[in-house]
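Line order of the protein sequences matches chains A and B. Last residue of the first sequence: number 166 in the numbering used here, and the count goes up by one each step with no gaps. Last residue of the second sequence: number 185 in the numbering used here, and the count goes up by one each step with no gaps.
In case anyone wonders, no lab produced these hints; they're calculated from the structure. The hints are all genuine.
Straight-line Cα separation of at most 20 Å, EDC-like style, residue types lysine to aspartate or glutamate; simulated pairs:
| no. | chain 1 | residue 1 | chain 2 | residue 2 |
| --- | --- | --- | --- | --- |
| 1 | A | K147 | B | D142 |
| 2 | A | K147 | B | D145 |
| 3 | A | K138 | A | E54 |
| 4 | A | K138 | B | D83 |
| 5 | A | K138 | B | D165 |
| 6 | B | K151 | A | D141 |
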Amino acid sequence: MAELNIRERQAGDVTVLDMDGRITIGEGSVALRSAVRRLLEEGKKKILLNLAGVGYIDSSGIGELVSSYTAINKEGGQLKLLSLTQKLQDLLTITKLLTVFDAYDTEAEALTAFK
Amino acid sequence: MTEQTTRLVLPSHIEAVADAAAAVTGFIRDCGAPDTAAFGIEMAVREAVTNAMVHGNQEDEAKSVEVVFNCHGNELEVEVRDQGEGFNPANVPDPTDPANLMKTSGRGIFLMRTFMDDVEYVHRPEGGTAVRMTKRF
Chain A
52 MAELNIRERQ
62 AGDVTVLDMD
72 GRITIGEGSV
82 ALRSAVRRLL
92 EEGKKKILLN
102 LAGVGYIDSS
112 GIGELVSSYT
122 AINKEGGQLK
132 LLSLTQKLQD
142 LLTITKLLTV
152 FDAYDTEAEA
162 LTAFK
Chain B
49 MTEQTTRLVL
59 PSHIEAVADA
69 AAAVTGFIRD
79 CGAPDTAAFG
89 IEMAVREAVT
99 NAMVHGNQED
109 EAKSVEVVFN
119 CHGNELEVEV
129 RDQGEGFNPA
139 NVPDPTDPAN
149 LMKTSGRGIF
159 LMRTFMDDVE
169 YVHRPEGGTA
179 VRMTKRF
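All chains, please: the whole structure from these sequences, using the hints.
Below you can see the structure in the form of structure tokens.
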């Protein structure tokens, strides 16, 4: 089984990536990077990462979230996060990145927040 | 169990980080550390082993990373040794400084220090760096 499974769906003009597994150095981080870069190449610039199924993330995974955020912003798009687990929320708080990312508890709230 | 030691020798490729994580998960349980500490200890070990492989050994597969777990009473100690050129953790900038927030790397040591009670770097006389981390519970 892959370290990180990513399922893509469309909600209006927002692309939702439902992620399940671990975002850690190697396979997990690469899978996230590839998915986001591919969406940008396809012109899909409003991206919502549903992290409900992500039970573990390391510093490489955190770095990949930052890298995705920067890449999407550079293309004039928006990245938002959905359904952070408590551990992931704690990690983003500790690293002070919760002030950088837009994170939402419900998909409805997140979708409304995209302009 | 109150006294126990486990030693692992891993090749310097990223896939082996998972082997260290699996080993520490079992060790934490056998050592009697509470579940609340397990996440942070595993995180610290993953980060230390990743640093040893990537920054220490430069992913040279001819070089190995050694991980030694010790359990003494209510204390779990992990030492991660590489065969690299040496490393000065003082050169790593604070990743929570606003100027560094958007950097895509440089958070590993910060997370190790966050989740462990002590983190100490030692230059090994035979070459390479060892990082010793202790968690009390």
